[in-house]
Every structure is written in structure tokens, then in C-alpha cells.
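Work out the full structure: start from the sequences and follow the hints.
Quick note, the sequence shown lines up with residues 1 to 159 if you use the UniProt record's numbering.
Label pairs and their in silico Cβ distance ranges:
#1 39 <-> 97: 16 to 22 Å
#2 136 <-> 55: 33 to 39 Å
#3 102 <-> 74: 28 to 34 Å
#4 19 <-> 151: 16 to 22 Å
#5 77 <-> 135: 25 to 31 Å
The set of hints was computed from the structure by calculation and includes no laboratory data.
Computed from a predicted model, the values in this text were never measured in an experiment.
From the three backbone atoms N, C-alpha and C, an ideal C-beta is built for every residue, glycine too.
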Amino acid sequence: MTKTHTGGCQCGAIRFRVSGDLKDSSICHCRMCQKAFGAYYAPLVSVRGAEFEWTRGARKTFRSSNFVARGFCGDCGTPLTYEAPDGMAVAAGAFDDPSLLPPTIQWGVEGKIGFVDHLHELPAERTEADLTAGSFLHDLVSYQHPDHDTPVWPPEDRA
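The structure is reproduced here in C-alpha cells:
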């Protein structure tokens, strides 16, 4: 039986589906990936050899080098793809269930920021613990697309 994974951007304007085995999940620490994701590293899942399709919307791209284009949502800015001559990788966090795609290797370790290896040592709190920091959080309503396919987005009552 073929595994199918779905995902998309934060606002729901772009959705995708991948059918097939996804074995190459990685973290890249290179400076280009750090900037593309606005993060300490980029978690990516190769879709080489799998059947990939965009099911809603179209990504915009930025050519980050002479060989690589980076795909993202033009509406909300969510990083979506790393596209190179040898294939495409999708941002792990853009999948509806990224926990199914744990990384198996780290790339670009020459750019790795030293404290990344110690993030697990930091104090940890659940989201609700931050309610005392801002009273607005009590009334927060998420407009983020849910982690599953929807026939229409945004919902008509919010459009």
C-alpha cells in the first residue's frame, strides 16, 4: 500500500499531496537554508521518486543560487520547497503530520549554530503557560489552515 502525505502553507492558499515512500528527511544548517526559513536550520523532506502534486494554489519561487529555487506561499510567506537539479525537497513543517517524517541526517554542518545542540536543555513550557504574558492570548482565534485537506479555504463565514 502506497503512503500518502498531505500538507500546505499556513494560510491554506497552497496545498500538496505526496504518494510514495519518503525516506530522505534531513536538517540543513547552511546559511542559505537558515535565511530561507528564517530559522537556525531548515528541516526538509525529499520527494524524489514519489508522486508529488500541488492540489491548491501555486507557489512563488525565489532563485537563491544559480542551481536552487526556493518555493514559498506568496500570501503568507510559508517556506515550502527547495528545488535543485537533482530533485525537490519540501519543508517538513509544511506537512500535515511532520512527526511521521523524522530527520535521518544533517547537512551543511559547517554553518551549524553551536547552541542548536543544546535547545533540548532549555526550560520548556506549554503554550497555555504564556497566557499571563499577554491578555490578548485568552481571546486568540487561529486563522491558520487546519492540518488536513479542506474543500474550500478560508471558510465562507470568515472570508
